[in-house]
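J.: For the record, the sequence lines run as chains A and B. Numbering-wise (numbering that gives the first Met the number 0), the first sequence opens with residue 0 and increments by one. Numbering-wise (numbering that gives the first Met the number 0), the second sequence opens with residue 0 and increments by one.
These are calculated hints, taken from the structure and not from any lab test. Watch out, some of these pointers could steer you wrong.
[As the list claims (entries may be wrong)] These stretches of chain B come out as covered by chain A in the derived footprint (C-beta under 8 Å, 3 or more residues):
id, region
1, 21-31
2, 105-115
3, 158-169
4, 180-188
[Claimed, not checked] Computed footprint of chain B on chain A, listed as stretches where at least three residues anywhere in the stretch have a Cβ under 8 Å from a Cβ of chain B:
id, region
5, 167-174
6, 253-259
For each residue, glycine too, the CB sits at the ideal point set by N, CA and C.
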Amino acid sequence: MTTLLSLRNLVVGLRHGHQTSPIVRGVSLDVKPGERVGVVGESGSGKTLTMLSVLRLLASPPLDILEGEILLDGEDLTSASEHRLRQVRGSTIAMVYQDPMTSLNPLLHVGYQIVEALRAHDVDTPQARDKARDALRQVGLADPERVERSYPHELSGGMIQRVMIAMALAASPRLLIADEPTTALDVTIQQQILDLVLDLQDTTSMAVLWVTHDLGVVARLVDRVVVMYAGRIVEDAPTSELFRRPSHPYTAALLASLPGTQHTHRSLLHQIGGSPPDPTRLDRGCPFRPRCSFAVEQCAHDEPPLLVRGASRAACWREPDQWQT
Amino acid sequence: MADVVLRGTDLAQRYESRGRRVVDALRGVSLELRQGATLGIVGESGCGKSTLARLLVGLERPTAGTAEMSGESMSTLDGRTRARRIQLVFQDPYSSLDPRQRVRNALREVLTFHRLHAGAEEQRIEELLDLVVLGRRFADRYPHELSGGQAQRVAIARALAVEPTIVVLDEPTSALDVSVRAEIINLLIGIQSRITISYIFISHDLSMVRHVSDDIAVMYLGRIVESGSYDQVLDAPAHPYTLALAQAVPVPDPTVVRPRRAAPAIAASSPITRGCDYQDRCPLVESQCREVAPTLDDVGAGHRVACHVAQRRARTP
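So here's chain A without its partners, still in its complex pose:
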C-alpha cells in the first residue's frame, strides 16, 4: 500500500538566546491510508511538536523545523506555500488540539464557526449546515440545534471538545491528527468517540494519528504505536506486540506502572523513578539511561538508533530477552 504521510528525519529546534537546541531529534514515521497509529509519551517528549510540525503550525520563533521532510502523497510540506498549506489544513489533514477552549472564537456562535470552516473547503452553505448538524449528532451531542446557537462559553469543555471533533470529521479528512482529544472527557463520551472513529474507518480510508498517554485507548483504538522519549521515537511496534512483549525498557516500565486487576489491592505500583530529561540539555548516550534498570556501559556513550526487534523496532542496545522477565 502507498504511504499517505511520511516524516523523514524531522528535527525541530527551540531557539533560546543565541542557541538553538533540537527538541524533536530526527523523527521518521510513515502512515498508510486507513492506518491508526498511536503516539505515546510523557509531557516534553516532543509528541505535540511533531504533530504541529505536520501542519506547519509551530510557533516560529522560537520553534523551527531545522531538518527533514514531511511528505504528504510525496509532496514535501516543509517547502509548501502558505496558500497550499491552507488547502491541506482541515480538508486533507484535520487536527483536534489538546485545549479545546482556545480553539473557538468566543464572539461567534458555534454553528457559524462549523459552517464557516466547511465553506472554506468549498462546501456550499446549505450542505454545510446539514453536514454540521449530522457531525454534532454523531459525537453524541443530544441537542445539536441548541449547540449551534450557543456561544463557546455556554458549553462545557467536554461539549466543546466534541464540537471540535465534529468539525474535524465533517470535512472527511484523509488523515485525522488528534492530540489527547479525549483526555478531558468522561469515559462514556470517550468510548463514544473512539467507537465513532472506528465506525468511520469501516467506510472511509481515513488514517488516524492519535496522541495519548492512555494505554487503554491505545489498546482499543490503534494498530500500531510509536513511543516517544526525549524528542525521539524509542519504540515503534504493532499494538499487540507492544503489550505482549515491549522492546524498550521505558515502554515496559510504563506498562508496569498501571494498576490492574493483577495487582493486589493497595499494593505498591511499579515506579519508573527519576524524571524525563530536559530536552535542551541532553548528555551523551541514551537519554533514558539514568532511569533505566538495564543500562550497560555502551548506553553511556552512544545513543541507540531504532533497531529491529522481531516485529517491532526499539532504540535500545540491549536485546529484549536480556532484560525481559
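Starting from the known structure of chain A, arrange chain B on it as the hints suggest.
T.: Coordinates of chain B only, in the frame set by chain A:
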C-alpha cells in the same frame, strides 16, 4: 468495624442563578468514612463529586443536610478548627501553590497560621518533606522549579502539615504523567500505612480508584446510585450505570475485545421529573422506573444500590 470519622446525612446543594435556573448539584447524599480507610467517589463530570468535596471541607455550606465529624456538626466548627481536621488536595498542583513562595515558606505558613510546632518549625518542615519522600534539598525551591509530581508532593505535604483526620483528594493524579501517577499513588498508600488518616479519593480513573479505595460510591446527577466495598462495586456492579462506566474504561490489553455500540446520547434535553434519573440511558428500564425513583437499598453485605431491577434480582436469587 472501625470508627466513623465523617458522616454526611442527606446533603443537598442547590445553585440558583438570579432566580432563572436552578441546579441541584447534590440531592440527598449520605456517606460514611471509616477511620484510616479510603472512600473512592466516581462519576462523570457534573455528577456532583467536586461539589461534595467542597461541602465536606467547608468551602461551601450545604443547602440541606449535615456533615458531622466525630459527632460534631461541621457547620458549627470555625474555619480554623475545620481546616485542622480536614484538608483538600486539588488536581493541578501548580495552581494550589503560590508561584512566588519557596516550598519552605509554603509549609511554614501553614504551621504559623495554626500555631503548630512553634519554635521547631524548621524541623517539622524537614519531617514533612521526608514524609512525602521529597527530601530537604527541595525546601528552597520555587514551584516552577518542581516537576508536576514534585509539586503535587508539596501540596500533599501542606495538607498533612496540620495532621488532619481526613484528606480529600480531588483528582490528585489526573494532571500528571502516567509515569508519575504511580509515584503519587504509592506515596498516598505509604502515608496511610504509617499514620492514621482517612482519604476521600475523587477520580474518574476507575482503575486507580479501585486500587486505592476500601469503599466506593458511584454518583449520578447529584445522587449516590451504588456504594459498597471496592470489589462489590467495581468487580460485580449491580447498577447498570456503574456497569456502563466500568465497561467504558479502555483496558490496556489489546486482546480484550469489546463490541462497539452507539451509546445513548448524554444530557437529555428534558430533565427527569419523575422516576429514576437514569431511565433514559438505561438498557434495563421498566415501567416502574418511569414512575418511582428507586432508593439506595442494601442488596447484601453492605452493598447498596438504587435500582429497582438490581434490587429485585438480589431478592430472587
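J.: Hints first: check each against the structure and report whether it holds.
T.: Results of checking the hints against the structure:
1. 21-31: violated (count 0)
2. 105-115: Coverage by chain A is violated for the region 105-115 of chain B (0 residues, Cβ < 8 Å).
3. 158-169: violated (count 0)
4. 180-188: holds (count 6)
5. 167-174: violated (count 0)
6. 253-259: holds (count 6)
Violated hints, listed in ascending order, are 1, 2, 3, 5; each of the other numbered hints is respected by the structure.
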